[in-house]
Amino acid sequence: MINDLYYKRRYVISGIAVVIVLVYIIRLFYLQIIDQSTKDQADNNALVKQTIYPSRGLIYDRNGELLVFNQPIYEVTMVMRDMKADWDTVAFCRCLKISRKEFDERIAEIKDRRKNRGYSRWTPQVFMSQLKKEDVATLQEKLFLFPGIHIQKRTLRDYTYKAAAHVLGSVGEVNQNDIDHDDYYARGDYSGRDGLERTYERELRGEKGVEVLMRDSRGRMQGSYQNGALDRTAKAGTDLYTTLDIRLQLLAEELLAGKIGSAVAIEPKTGEILALVSNPSWNPKVLVGKERSKNYNVLLHDKTKPLMNRATQAMYPPGSTFKTVQSLVCLEQGAITPNTLYPCSGPGSTPIKCTHHHGSPVALDRAIEQSCNPYFWCAFRDLLQMDGYGKDNEDFRHRYELWREAVMSFGLGQRFTDSDLNEQSAGSIPSTRLFDKFYGKTGWKAITIRSLSIGQGEILVTPLQLANQAATIANEGYYISPHLNKNDSMLTHRHELAIKKQHFEVVKEGMHRVMIYGTGRHYAIDSLHMAGKTGTAQNPHGRDHAIFIGFAPVEDPQIAVAVVVENAGFGATWACPVATMMIEQYLTGEVKRRDLRKRIGEAVLNESVKKW
Amino acid sequence: MRASRSGNIWQHVDWTTIGLFLLLVFFGWLNIYGASYTFDQTSIFDFSNRAGKQFVWILGSIVMGIILLLIDYKTYDVLAYIAYGAMLLLLLATPFLAHDIKGSMSWISLGPVNLQPAEFAKCVVALAVAKYMGRYEYKLRTWRDLIVPFALIGVPALIIMVLQKETGSALVFAAFLLVFYRQGMSGYVLWTGVAAVALFIISIRWGATALPLGSGSVGMLTCMLLLTVVEIFFICKEHQMRWQPLILVGSVIVIYAICLLINIWVTVPFNWVSIGVVVALMCYTIFVSLYWRKYMLLLVAAFSFFCIGYTQACDFVFQKVLQPHQRIRIEVLLGMKEDPAGAGYNVNQARIAIGSGRFFGKGYLNGTQTKLQFVPEQDTDFIFCTVGEEWGFVGSIGVLLVYLWFILRLIEIAERQRSLFTQIYAYAVASIFLFHLMINVGMVLGLLPVIGIPLPFFSYGGSSLWGFTLLLFILLRLDAARMEQLR
Chain F
-15 MINDLYYKRR YVISGIAVVI VLVYIIRLFY LQIIDQSTKD QADNNALVKQ TIYPSRGLIY
45 DRNGELLVFN QPIYEVTMVM RDMKADWDTV AFCRCLKISR KEFDERIAEI KDRRKNRGYS
105 RWTPQVFMSQ LKKEDVATLQ EKLFLFPGIH IQKRTLRDYT YKAAAHVLGS VGEVNQNDID
165 HDDYYARGDY SGRDGLERTY ERELRGEKGV EVLMRDSRGR MQGSYQNGAL DRTAKAGTDL
225 YTTLDIRLQL LAEELLAGKI GSAVAIEPKT GEILALVSNP SWNPKVLVGK ERSKNYNVLL
285 HDKTKPLMNR ATQAMYPPGS TFKTVQSLVC LEQGAITPNT LYPCSGPGST PIKCTHHHGS
345 PVALDRAIEQ SCNPYFWCAF RDLLQMDGYG KDNEDFRHRY ELWREAVMSF GLGQRFTDSD
405 LNEQSAGSIP STRLFDKFYG KTGWKAITIR SLSIGQGEIL VTPLQLANQA ATIANEGYYI
465 SPHLNKNDSM LTHRHELAIK KQHFEVVKEG MHRVMIYGTG RHYAIDSLHM AGKTGTAQNP
525 HGRDHAIFIG FAPVEDPQIA VAVVVENAGF GATWACPVAT MMIEQYLTGE VKRRDLRKRI
585 GEAVLNESVK KW
Chain S
3 MRASRSGNIW QHVDWTTIGL FLLLVFFGWL NIYGASYTFD QTSIFDFSNR AGKQFVWILG
63 SIVMGIILLL IDYKTYDVLA YIAYGAMLLL LLATPFLAHD IKGSMSWISL GPVNLQPAEF
123 AKCVVALAVA KYMGRYEYKL RTWRDLIVPF ALIGVPALII MVLQKETGSA LVFAAFLLVF
183 YRQGMSGYVL WTGVAAVALF IISIRWGATA LPLGSGSVGM LTCMLLLTVV EIFFICKEHQ
243 MRWQPLILVG SVIVIYAICL LINIWVTVPF NWVSIGVVVA LMCYTIFVSL YWRKYMLLLV
303 AAFSFFCIGY TQACDFVFQK VLQPHQRIRI EVLLGMKEDP AGAGYNVNQA RIAIGSGRFF
363 GKGYLNGTQT KLQFVPEQDT DFIFCTVGEE WGFVGSIGVL LVYLWFILRL IEIAERQRSL
423 FTQIYAYAVA SIFLFHLMIN VGMVLGLLPV IGIPLPFFSY GGSSLWGFTL LLFILLRLDA
483 ARMEQLR
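Chains as they are written, first to last, in my numbering: chain F, -15 to 596; chain S, 3 to 489.
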């Protein structure tokens, strides 16, 4: 233009345009490149991750009988942020048949970050759980009225038999500790709390799946995100085949009813646990779902301690059943031969006396048969004194240590670390250090610890260890740690004992004689060729514990059993019949001795044992 | 004098601009489809949805463009005042004919379509202003020639703002300031505008923030210190003496230092001290201007005086004059309030949508925020979110740069005119587009308060598209005729 004074202002105006665009580009750079928060916020906005719960693995017995399965259960979850102001709380409460007060309390609980650390307004929070189909049916129909509410299907455990509660264990909600230690769990998830459910949690639980859904600004679901590219299907848990024989288990539980005690049956060659009973017990169905915590509390405060798995956790003096181990150790370490005779009375056996009259002196097989206390005291004494006492009691203490090692090689006094049983007690075979502490190094002699010779005193074992001991004798020198998972991987875990085979033959013969001539003769079935040993353990808690260990058939043992009935008196009276009926059931498939079964099963020795 | 090189209109029309126009319209259309895309979406041509409708508007606008180019260029000059008069009547009548749509009284129903006359007013006002200022005898520096164009702009703006309740559309007329500036208006007017915005923001944002020392507010002190600096700058500029700057700056510093010292014993009201300093400098300015006959300094004194009053009034204006929804938008923008569910919702969702696009975007039709309708008004005022989310940083700057090119092209067109009428009109067009771009994108990016005006060619809507088409193609027609006239 001609004579345009302000020609240069075109650059100012262009400059303004350039600066504005430049500022906006910088802002875009900040929003889209530098600021990382928006990606998550966008995903939070639009994406809903819905967990798909896998079905938990089933549990079977050794014959493929279904023991544990799943039943569908529903839970109501809510996403707080989607609950708008016009939300009809009254109608919602009516659908779930809860009061306004319960509703408010539950909401407060969800929002309390001290109790619910993972709380977020954006994620589904469990409002009510473990509802039956009928409970959620009304809500399901009216779900569209309640934005933010979802119904999630889950599964609960169910049981075919009211049996094996301790073995199977139970499933419960995870606690904060579980969540902190395993990323897999989220609040409201379930995991095995004890028993097999806990041991095989990783296998049984399977793998959660996830479905990524898109949600629009009004909270309506709009289908899957990226056509499900990020979805993961749930992987069902692996089924668990156990070594249990449910018939045997049921029989043992029936026989122990009304008594406090336990029974363990093992297949000797494999270490497979055929039955593992601890009484008092409970119906596994009561520790499921809504009733779980209430019932758990009742069990927890029951004076008879039903929650304790006596079969693996209770420790008893083995009493006379220990004489079998004693015999084997004395034979192996050369203190006696099968022909060594000891008298039943007289100065040599003092101070231990026999409880009843039998021929005297006796050799080993008859000593076992008659459970002759003085015999085993003498043998034990001679073993410990073989090298004399030596300087500072060293030789004696060394002998004791060798004896202890040999005893422990039966699996006594220690946990089976390669077993899949979680809840085990170690028991105790007292160490030299323990006696040194008590009496001083030179202060204890064979006579000091004479009770050990007949399985009394400081020695403590669990029923599981007793059963394993029976299996070891049946196997003539080895055992495989008792276990519950029926796969063959355990067969390589053979524990060999440094005891010669021929010694076992003598002891087995003695145990066989127990069932023919000795304390077990009343309950033996001749055709089954049983071997056994009764025990009557004195204890500070009242009447003696009745104990029995045994196996059958003698020639080719298929089953080894240990039974303990607390405060029942003679082992022969209460423990032996239970064990022989278990053997009968397992070997013949039925119990022919109906009257005996009825008498033992219905006998109530402890009034406070509750039946569930 | 006329050179009769009429020839073919298609040879002289600016094809670059038409290309950019088509590019923006087409890309805008794609994004409207993306923004209104839901899951049961059918085709981009389905006329039941917005992309389909927009396609009709686009066809209409192209036909309109062709017709506008075919009309004799003199027609626009001739009809400028008549059209302006008619438009005023239409704008006045609109509130009585209109239905209330979201509190706005600016829409007239014509059968199946709603039209917004305000969108066309921009073009008509631009023509009238261009015609008035393009007169041969026009001098910007006389009062009459200043007041008439302001009135030409102000009257429709007031009608739109007050009667039709469309603050955003009315604010667009502020874009004409750039036109005046180009025609010789003092640059200080623009600076005054900048100062007004700055003082407003400072006194609102920090007006209630107490000083760490003494009594008074951070906002007030900052405003007064800025004024002090401005006054000293002008005194020194107009009245050049060697030691004066040092003396003035020195005395101000000494005054504040003494106040700080006194503050150890007595609480000093810094608000009043700072106002006192400004007033003292103002008196000195008046003295200097009268004594040395630098009357320009009187304007500075007047400015200072006005500013003192203005900063005092800001709070009142903010609390009492602005509508509550406008107030909260500003508060959210300045970070004084968090309201992610209410007034801050749009802005926050827009930020999330754009930010989540990252560098390359989520891909066309793949934006989750867009598709799931988290951003309200995403196919109209907030359409830029869709660009940001689906096309990412790359696409967003692409769009901005195309706009910049477009606006710079319009300025170039303006500068090559021989007719003052066309040049003024061209600057009006460029300024209006620039203003729309600045306000709309600034709002979406959370840099400016939420003011509902469309992004030209992108936002869904027939009125705005046709309004902008009218604006642009009249310019292209006038530009095509630039060779036919000499001044």
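Heads up, some of the hints might be wrong.
Unchecked claim - Reference excerpt, derived from the structure (chain S facing chain F, CB under 7 Å, subset only): (1) Val58; (2) Ile409; (3) Ile413.
As the list claims (entries may be wrong) - Just the calculated beta-carbon pair ranges, DEER-fashion: (4) Asp72/F x Ala95/S: 25 to 31 Å; (5) Thr73/F x Thr194/S: 28 to 34 Å; (6) Leu61/S x Ile36/F: 48 to 54 Å; (7) Ala213/F x Val323/S: 49 to 55 Å; (8) Asn28/F x Thr194/S: 30 to 36 Å.
Calculated from the structure, these hints are not laboratory results. For every residue, glycine included, the Cβ atom is placed at its ideal position computed from N, Cα and C.
Going down the list of hints, with the structure as the test:
no.: 1; hint: Val58; result: 27 Å, violated
no.: 2; hint: Ile409; result: 5 Å, holds
no.: 3; hint: Ile413; result: 5 Å, holds
no.: 4; hint: Asp72/F x Ala95/S: 25 to 31 Å; result: 47 Å, violated
no.: 5; hint: Thr73/F x Thr194/S: 28 to 34 Å; result: 57 Å, violated
no.: 6; hint: Leu61/S x Ile36/F: 48 to 54 Å; result: 49 Å, holds
no.: 7; hint: Ala213/F x Val323/S: 49 to 55 Å; result: 54 Å, holds
no.: 8; hint: Asn28/F x Thr194/S: 30 to 36 Å; result: 45 Å, violated
When the structure is compared with the earlier hints, violations turn up for hints 1, 4, 5 and 8 and for no others.
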